[in-house]
Amino acid sequence: MTLLAVSRISKRFGGLQALADVSFDVAEGEILGIMGANGAGKTTLFAIISGHIAPSTGQIVFEDRLITGLSPDRICRRGIVRTFQIVRPFRAETVLGNVTTAALYGRTPAASRKEATARAHAILTEFGLAPQSTKPAGALTLSDQKKLEVARALAAAPKVLLLDEVMAGLTPAEVAQMVALIREIRQRYTLTLVVVEHVMRALVDLSERIVVLHHGRFVMAGSPEAVACDPRVLTAYYGEAGA
Amino acid sequence: MIDRRIAAPGLAWVLVIAGLPFMLEPYGLSVAITLCMWIALTQSWVLFSGLTGYISLGHVVFVGIGAYVAVLTWKILPLWAALFSGGCIASLFAILIALPVLRVRGPYFVVLTFGIAELMRHVILNAERALGASSRLLMGLPDNAVLFRWMAIFALVATALTLIVKPSRFGVGLNAIREDETAAQTIGVPVVRYKALAYGLSAFVPGMVGGILVLRSTYFEVGQVFNPMLSLSIIVMAIIGGSDDARGPLLGAAFLTLVQELLWARAPQLYLVLLGLLLIGFVMFAPKGLLGLWTRRKAADP
Amino acid sequence: MTTLLSGQLLFSALVLAALYALLAVGLNLVYGTMRLLNIAHGDLAMIGAYVAYGAFTLFGVPPLVILPVAAAIAALIGHVLYRGLFKRLIDQGGPIERLESNSLLVFFGVSIVMQNLMALAFTATPRAYNFWRDVVEVGGVRMSVNRLSILIVSAAALIAILLFLKRTVHGMAIKALIQNRKAAQIVGVDVERTQRLAFHIGFGSAGVAGALLSMTEQITPFMGFPFTVTAFLVIILGQLGNIWGSIIGAIALAVVQTYGVALTSSTYSSVLLYGLFVLTIVLLPQGLLRGLRSAR
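Protein chains in written order, with my numbering: chain A, 1 to 243; chain B, 1 to 302; chain C, 1 to 296.
For reference, chain A alone in the conformation it holds in the complex:
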């Protein structure tokens, strides 16, 4: 069942065409990877889906309702939450406070501060961040801040989670850890995930299906194996002789 439908999305920034006529569907419960070289338009796409920028043309449909043009907080309440490539924690706020805030808002706001804190604590424990609950978020290592970013997004009770380059800057060991963590939460919270990733290994490991973008255009969608062998993708990444 199609949960999220991206339909003929284009975005122009002055003279730059960041996205051109991109369309694809996201099925309920799947892990969809978005692949593309730098400048392919991946982050712009996320920003449009989550409501931070408006598309020049095109529509986004979520659960059969139009969400194009809604503000990010309304889209969050509908059930789509995104993380940021460059993490944006509430730095002066404690780790627990960060996640509690999301639990108080989000799609299914907690009824009380107490309940929100309890929810937050449970999520932090799963992520292994509980021992650092009272630390200011700004004091965490990058790897922990990335986990916090995902934990906070999760506390907002999304149906669809957009993960924007969660692995960037992590060591191979940390990457493996994060991949396992993501698989686990998908299971536990029945999420649909859309993942943008540069770390090819992680993307191929994690995704059940991959959409390939190149220079803002949709190239193809298919299983990781199919994508890895497709001549169009190889040309895009390696040039003519690579195919």
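Hints should not be assumed to be uniformly reliable.
[Said to hold, decoys possible] Derived pair list, reagent style DSS-like, types lysine-lysine, alpha-carbon separation capped at 27 angstroms:
| id | chain 1 | residue 1 | chain 2 | residue 2 |
| --- | --- | --- | --- | --- |
| 1 | C | Lys87 | C | Lys175 |
| 2 | B | Lys288 | A | Lys135 |
| 3 | A | Lys135 | B | Lys166 |
[Said to hold, decoys possible] Far from chain A, by Cβ distances over 10 angstroms, these chain B residues were calculated:
| id | residue |
| --- | --- |
| 4 | Trp13 |
| 5 | Glu25 |
| 6 | Ile76 |
| 7 | Asn144 |
| 8 | Val172 |
[Claimed, not checked] According to the in silico footprint, chain B covers these stretches of chain C (three or more CB under 8 angstroms from chain B):
| id | region |
| --- | --- |
| 9 | 19-30 |
| 10 | 266-276 |
Because the hints were derived from the structure by calculation, they are not lab data. The structure displayed is predicted, hence computed values, not measured ones. Glycine included, every Cβ here is placed at the ideal spot set by N, Cα and C.
Fit chains B and C to the known structure of chain A by using the hints.
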């Protein structure tokens, strides 16, 4: 929701409001009125600027609007109604301009609020000139006891508002806005609505304060109730006292009232030089104010 | 209607435009390189005005002769502010928005201190003096020599600054710094020195504008702020960093003000100024500011 520890001071405050006018001689009462005014204004400022991080350098505009409403309805409405309408109209003004104005961020917002206050000052100035009312004389003013009681109530209300909002869900949302507005939106905080609400709320008490302020002197002067130095004083008090919680403004207001009483009548320009220096000093060396310095020292000692 | 088309009005507008342009270009240099909202710019002009006033009434020195001194004093004050305050703020680090907001508050404090120190020294009563009393008549337009010299000197100063920015290495370095700070650093521009130079020229030119102003306007310690607002309005309208844009914006604003006041009355000029100011900041496309801020 409200701290149980507040119940006792709250009761004490009520007794103060009722009884103080009988105990202080005229000069002391006047100082008390000033002190309550600063507390009321600074707490209201903190409610918005302290919590959301949008620093308003033009908060006097709400005082001025409330004052003008009080002047226009003087002798037409009972005092409580005039004050209440002043507060409501000030809040309305804030909410009306909130949408375009709160889209501007950082220092541009600061300078914009100052510009708006100056704009309104000149608009009302011209309006009064057009009405042919270059200076309105106010007759039959209430005495200082009444003024004090109202001002003390406003101080109480403003402090109570800050105490209630800060730990509430609304307060958590405002805090998130201050930390990172974009991230706050992503997790569902209705940023636009909240900023407007906080701005409107922070204008209410200042509007009512304006009404009492104008009744302290026998004639209404636009420049006085729209004086940008009032905005400056509020910020200095908030910075000196610290704007993290409700205690800060109390500290800052007390400090500044003291300085003001010592200097204002004798050397108003020296007073302003001191205000300017305090602003510079605290912004550069102690941005969290005296309260911040104190808590930092406490944290350093084992 | 004939008054509206008179050369008189045009002359008034031109004189005003020249002053506004000088102020705006100076602000462009300071704000463009530092990206800090120095709302004390007009107050430096105020100080220049008092320097000229003091020099003439106390020592009989003609204002045009005292110009370099006024410039030097204003530049010196700018230097002290930079060394003492802003360098420290910038070195403190932290998020850019906080730095910008904090420095605004500091500049505001500086402005208040300067205004009131001058008020303590000279009292707040407006002062004025009359240097030249002659009037020339060219083509039916009567121009006071005072205002004519303002026009000529401002224009000369502007041309000098423009040539400096265009032809000299230091000038080009300043332009580079304004356009893209990081790129300027990469190509080897000495940021520290260039910034200081821009600061000195910027504040110095405010001092010059103030000294010129004193020839025809009454001066008070609190005259500075409307000029600050005007200068900011002009550089926002003319696009930040664009020197020619400031000049065109200055002419536009001066024309609107002069003819607007002629059509209505002088009481509305403040409402017009602050109204334009508020409107401009609100309507300013966020992208413009953000793009420029990323150039830090």
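Structure-based check of each hint:
1. Pair hint Lys87 (chain C) plus Lys175 (chain C) holds up; C-alpha atoms about 21 angstroms apart against a cutoff of 27 angstroms.
2. At most 27 angstroms may separate the alpha-carbon atoms for a hinted pair to count; Lys288 (chain B) and Lys135 (chain A) meet this at roughly 20 angstroms.
3. At most 27 angstroms may separate the alpha-carbon atoms for a hinted pair to count; Lys135 (chain A) and Lys166 (chain B) meet this at roughly 20 angstroms.
4. Residue-level check passed: Trp13 (chain B) sits 27 angstroms from the nearest beta carbon of chain A, beyond 10 angstroms.
5. No beta-carbon of chain A comes within 10 angstroms of the beta-carbon of Glu25 (chain B); the shortest separation is about 46 angstroms.
6. With 10 angstroms as the threshold on Cβ separation, the claim that Ile76 (chain B) sits away from chain A holds: the shortest Cβ distance comes to roughly 43 angstroms.
7. Listed as outside the interface, Asn144 (chain B) is consistent with that label: its C-beta sits roughly 43 angstroms from the nearest C-beta of chain A, beyond the 10 angstroms cut-off.
8. For Val172 (chain B), the requirement that its beta carbon stay farther than 10 angstroms from each beta carbon of chain A is not met, with the minimum near 5 angstroms.
9. Look at the region 19-30 of chain C against chain B: 0 of its residues bring a Cβ nearer than 8 angstroms to a Cβ of that chain, fewer than three, so the hint is violated.
10. Given a C-beta distance limit of less than 8 angstroms, the hint that chain B covers the region 266-276 of chain C holds, as 6 residues qualify and 3 suffice.
Hint compliance for this structure: hints 8 and 9 are not met, and every other hint is.
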